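A.B. asks: The lines below spell out each chain.
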Amino acid sequence: MTGNKIPTVYELSVPDRHGVDLPAPDVPQTALPTEGLRADCDLPELSQLDVVRHYLALSQLNFGVDSGFYPLGSCTMKFNPKVNEQIARLPGFAEAHPLQESETVQGNLALMFELQQWLAEIGGFAGVSLQPAAGAHGEFTGLLMTRAYHHARGDLKRTRILIPDSAHGTNPASTTMAGFTAVELPSDARGNIDLEAVRVACDDTVAGIMITNPNTLGLFEEHIDAVVQLVRACGGLVYGDGANMNALAGIARPGDLGFDVMHFNLHKTFSTPHGGGGPGSGPVGASARLKEFLPGPVVEFTRDAQGARYDLAMPDKSIGRVATFSGNFGMLVRAYAYIRQHGTKGLRENSEHAVLNANYLRVKLRDAFTVPFDRINMHEFVCSGAIDGTGVRALDVSKRLLDYGFHPPTNYFPLIVPEALMIEPTETEAKPTLDAFVAAMQAIAKEARENPALVKEAPHQTPVRRLDEVKAARELVLTDRAKSEAP
Amino acid sequence: MPRIGFFINPIAGMGGRVGLKGTDGVAAEAVRRGAEPMANARALEALRGFKRLLDNSPNPPAIEWLTASGTMGRKALQAAGFALVETVHTAPAESTAQDTKAAVEKFLTAGVDLILFCGGDGTARDICAIAGEAMPVLGIPAGVKMYSGVFGVTPAHTADILMRYLAGEIGLARVEIVDLDEDKYRGDEWAVRLYMSALTPFEPTYLQSAKALISSADEEAIKDDIAEQLREDIAAEPGTLFLLGPGSTVQAVGRALAIDKTLLGIDAVADSKVIGKDLAEQQILELLDRYPERKLVLSPIGAQGFLLGRGNQPLSPAVIRCIGADNIIVLSTPAKLARTPLLRFDTGDAALDADMISRKFLPVIVGYHRARLVKVAA
Ligand SMILES: Cc1ncc(COP(=O)(O)O)c(C=O)c1O
Numbered sequence: 001m002t003g004n005k006i007p008t009v010y011e012l013s014v015p016d017r018h019g020v021d022l023p024a025p026d027v028p029q030t031a032l033p034t035e036g037l038r039a040d041c042d043l044p045e046l047s048q049l050d051v052v053r054h055y056l057a058l059s060q061l062n063f064g065v066d067s068g069f070y071p072l073g074s075c076t077m078k079f080n081p082k083v084n085e086q087i088a089r090l091p092g093f094a095e096a097h098p099l100q101e102s103e104t105v106q107g108n109l110a111l112m113f114e115l116q117q118w119l120a121e122i123g124g125f126a127g128v129s130l131q132p133a134a135g136a137h138g139e140f141t142g143l144l145m146t147r148a149y150h151h152a153r154g155d156l157k158r159t160r161i162l163i164p165d166s167a168h169g170t171n172p173a174s175t176t177m178a179g180f181t182a183v184e185l186p187s188d189a190r191g192n193i194d195l196e197a198v199r200v201a202c203d204d205t206v207a208g209i210m211i212t213n214p215n216t217l218g219l220f221e222e223h224i225d226a227v228v229q230l231v232r233a234c235g236g237l238v239y240g241d242g243a244n245m246n247a248l249a250g251i252a253r254p255g256d257l258g259f260d261v262m263h264f265n266l267h268k269t270f271s272t273p274h275g276g277g278g279p280g281s282g283p284v285g286a287s288a289r290l291k292e293f294l295p296g297p298v299v300e301f302t303r304d305a306q307g308a309r310y311d312l313a314m315p316d317k318s319i320g321r322v323a324t325f326s327g328n329f330g331m332l333v334r335a336y337a338y339i340r341q342h343g344t345k346g347l348r349e350n351s352e353h354a355v356l357n358a359n360y361l362r363v364k365l366r367d368a369f370t371v372p373f374d375r376i377n378m379h380e381f382v383c384s385g386a387i388d389g390t391g392v393r394a395l396d397v398s399k400r401l402l403d404y405g406f407h408p409p410t411n412y413f414p415l416i417v418p419e420a421l422m423i424e425p426t427e428t429e430a431k432p433t434l435d436a437f438v439a440a441m442q443a444i445a446k447e448a449r450e451n452p453a454l455v456k457e458a459p460h461q462t463p464v465r466r467l468d469e470v471k472a473a474r475e476l477v478l479t480d481r482a483k484s485e486a487p
Numbered sequence: 488m489p490r491i492g493f494f495i496n497p498i499a500g501m502g503g504r505v506g507l508k509g510t511d512g513v514a515a516e517a518v519r520r521g522a523e524p525m526a527n528a529r530a531l532e533a534l535r536g537f538k539r540l541l542d543n544s545p546n547p548p549a550i551e552w553l554t555a556s557g558t559m560g561r562k563a564l565q566a567a568g569f570a571l572v573e574t575v576h577t578a579p580a581e582s583t584a585q586d587t588k589a590a591v592e593k594f595l596t597a598g599v600d601l602i603l604f605c606g607g608d609g610t611a612r613d614i615c616a617i618a619g620e621a622m623p624v625l626g627i628p629a630g631v632k633m634y635s636g637v638f639g640v641t642p643a644h645t646a647d648i649l650m651r652y653l654a655g656e657i658g659l660a661r662v663e664i665v666d667l668d669e670d671k672y673r674g675d676e677w678a679v680r681l682y683m684s685a686l687t688p689f690e691p692t693y694l695q696s697a698k699a700l701i702s703s704a705d706e707e708a709i710k711d712d713i714a715e716q717l718r719e720d721i722a723a724e725p726g727t728l729f730l731l732g733p734g735s736t737v738q739a740v741g742r743a744l745a746i747d748k749t750l751l752g753i754d755a756v757a758d759s760k761v762i763g764k765d766l767a768e769q770q771i772l773e774l775l776d777r778y779p780e781r782k783l784v785l786s787p788i789g790a791q792g793f794l795l796g797r798g799n800q801p802l803s804p805a806v807i808r809c810i811g812a813d814n815i816i817v818l819s820t821p822a823k824l825a826r827t828p829l830l831r832f833d834t835g836d837a838a839l840d841a842d843m844i845s846r847k848f849l850p851v852i853v854g855y856h857r858a859r860l861v862k863v864a865a
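Same order as they appear, the protein sequences are chains A and B.
Just so you know, we're using the working numbering here: the first sequence kicks off at 1 and counts up by one.
Just so you know, we're using the working numbering here: the second sequence kicks off at 488 and counts up by one.
Honestly, the hints are just simulated from the structure, not real lab data.
Among these hints, one or two may not hold up.
[What the hints assert, rightly or not] Derived coverage of chain A by chain B (criterion: at least 3 residues anywhere in the stretch with Cβ under 8 angstroms from a Cβ of chain B; other residues may be distant):
id: 1; stretch: 181-189
id: 2; stretch: 356-365
id: 3; stretch: 389-395
id: 4; stretch: 449-463
Since we're looking at a predicted model, the values are computed, not measured.
Don't be surprised by glycine CBs; every beta carbon is placed ideally from N, CA and C.
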């Protein structure tokens with residue numbers, strides 16, 4: 001809506017206005033070298049107060065977990081405790097240099113070592129590497145390990161990775177990047193991987209399967225044991241996409257289910273900040289038979305005659321480095337702080353509350369919206385955003401939610417549910433927030449039936465209306481002047 | 488202002504209700520058996536749905552309709568409440584396929600942006616034969632058989648697709664126009680045939696590019712991705728005979744190989760070079776004699792999922808047996824698969840069909856280094 005539009009600094013510019021008055025020079029003046037002078041800079045002319053107000057207003061257009069409810073499914077937009085930030089800013093953590101000798105950063109290495117141990121314990125793995133910088137990076141790492149494992153055994157014909165059709169798009173993307181062919185498996189009527197399809201697909205060309213459990217429909221894979229057995233029986237490995245560990249942490253361990261390698265998204269389950277392209281962290285856990293292939297360096301602890309110490313070391317058959325230095329160390333500190341604060345019992349309670357909140361929303365919303373797999377879900381669920389006969393779609397519902405002050409759920413994912421809205425409340429939201437969200441969703445469903453144009457034209461309260469998101473992603477023009485200078 | 492040519496085949500669908508498996512050439516018999524015309528009701532359902540979507544839309548386009556008289560279009564448009572209706576063809580009460588052709592010719596002369604029609608595969612064929620492969624065509628399903636790619640799933644779905652196309656939300660894709668040979672079908676023989684390709688507004692394949700962001704890949708680009716995979720596979724197997732089946736998906740493989748693949752026929756390639764075009768059964772068997780290593784590349788035809796049917800005569804049971812079921816490579820875009828949940832076989836050889844069915848799932852190449860297991864209908 002144009003009424004809310006914030007002018008650009010250029011539009012605010014007033015000729016000859018300035019932000020600072022420089023004192024009269026008390027040294028001899030000299031001319032600036034002419035080759036450095038430009039007449040075409042066209043800088044805005046503003047006072048300090050103009051500038052402060054302008055940027056403060058812009059900053060207030062941000063939407064984050066700190067400003068409102070953010071049920072972006074699969075992304076786990078939980079509150080990022082502020083104490084994590086204080087700890088990460090302690091000089092010993094924040095000011096350490098990655099090239100410092102090990103003896104001078106024993107505390108930091110101890111933190112990494114303990115985090116490796118804890119993640120191994122939480123996931124049920126024999127070893128962990130903290131190197132990967134995101135979930136997708138962890139997937140790629142795990143697939144390189146899978147390949148290294150088969151090749152080390154002289155088994156070169158395994159070229160296929162099985163992936164359920166509900167998987168996140170990064171799974172097939174990582175697979176192709178790692179040089180495998182992705183083979184999609186259909187889901188059954190209850191939203192599980194079709195067991196019969198797994199049976200048919202398993203042969204000696206299968207390098208492994210990538211499983212997300214709970215899957216992206218927020219459903220626990222009911223045949224998980226059978227799937228793992230089938231794949232292992234044909235010689236394949238089991239990769240776990242741990243993006244949804246926040247439903248399991250403290251309750252069940254993928255390693256115990258027979259997973260060989262899995263990434264954790266510290267920026268999801270373990271509350272490190274994400275979004276806006278900020279640093280993520282996707283440590284990878286491995287079973288005993290894959291541990292030696294982990295990327296390094298990992299932190300090792302030794303105690304001998306000289307005393308106890310932590311060192312960086314490469315696992316024996318390591319696939320090598322996948323990141324510079326020690327991964328995104330600042331995120332490791334935050335995740336460490338989070339696990340420490342909650343402990344075993346707290347992590348379990350967080351998972352339970354995440355599941356409870358998501359089930360509460362599903363049940364409250366299933367009358368207003370269609371829930372295609374309407375069974376007990378885990379930490380998230382998927383409904384259809386299409387409202388029959390009105391032309392209103394998931395995207396419209398999402399845009400209208402902005403007017404109600406909520407961040408939209410994830411749209412159009414997973415792809416197996418047409419017009420999907422994937423809703424993940426997380427455990428950090430209290431019941432009044434969930435109820436307010438339910439009320440907004442119900443109101444939108446009602447509007448869609450009574451006045452669909454209102455929903456189709458939304459948002460009405462934001463500075464800009466519907467952006468061409470695809471064009472924005474493909475033609476990244478970030479400045480006002482670039483726009484006017486564009487051909 | 489968009490101009491839409493609108494045409495109803497008023498007798499479409501009548502044969503089905505009275506067990507005639509189609510209405511081509513047997514409309515009088517259908518009427519005698521008590522069939523009621525239903526195409527106008529289906530068309531009206533779609534038009535009313537479309538009108539409602541227009542009324543709900545923040546800035547609805549004003550549409551100029553060109554149509555044929557009475558039950559061939561005008562009546563339904565008026566009943567749905569559309570005002571800008573011009574009748575460009577007047578037909579007698581007993582209309583025939585000649586009227587379909589005449590109306591479409593007039594649409595083309597007057598200039599339309601899209602042809603919306605109501606009928607079945609026979610109507611689609613008649614319309615596309617005149618409209619050609621470059622005019623967007625969209626069908627309201629009302630026939631006995633609707634295997635061509637131009638139909639919405641229901642009249643309401645057709646309305647939705649039309650609205651989104653006019654709003655610029657979805658683009659066009661090339662699909663196949665297929666039809667059964669009704670005489671054979673009435674004799675319980677399945678003979679589905681591919682006639683041509685046509686352009687139709689197409690629901691895009693959603694690709695996830697970030698969490699709250701979607702983009703759609705156009706159908707032809709996906710076919711090219713699939714074709715690139717095949718190009719690599721063909722290059723990796725020197726000396727192997729690749730038989731390329733009919734349809735636009737396999738035709739894209741021809742593009743990737745820089746050869747001119749026929750749309751309807753079966754062409755042969757070895758070492759990335761064409762060694763035969765539009766082959767008949769005997770010619771294929773001769774090639775199979777010469778090439779011990781062979782692969783057959785197919786894409787399901789139309790929406791019904793038939794990979795091998797009697798309509799595809801050159802691919803006889805003898806040919807398939809000789810090639811071996813393990814050497815069949817199936818290609819499909821994800822969007823086509825979404826309309827084709829099951830793969831079907833009707834080769835005319837029960838043992839061969841049973842062998843295919845016993846596999847339960849077949850891998851289908853859906854992109855570059857991407858495959859999907861698809862169920863085989865029991
Ligand atoms: C199920 C699933 N897998 C993998 C990923 C990729 O993780 P990342 O975004 O950390 O790369 C995501 C991301 O959101 C996800 O939801």
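A.B. asks: Does each hint fit the structure? Answer for all of them.
C.D. replies: Here's how the hints hold up against the structure:
Taking a C-beta to C-beta cut-off of 8 angstroms, the stretch 181-189 of chain A contributes 6 residues in contact with chain B, enough for the three needed, and the coverage statement holds. Counting residues of the stretch 356-365 of chain A whose CB falls under 8 angstroms from any CB of chain B gives 0; the rule of at least 3 is not met. Only residues whose beta carbon comes within less than 8 angstroms of a beta carbon in chain B count, and the stretch 389-395 of chain A has 3; three or more means the coverage holds. Against chain B, the stretch 449-463 of chain A contributes 4 residues with a C-beta closer than 8 angstroms to a partner C-beta. That satisfies the three-residue criterion, and the hint holds.
Figure legend: structure checked against the earlier numbered hints; the only hint not met is number 2.
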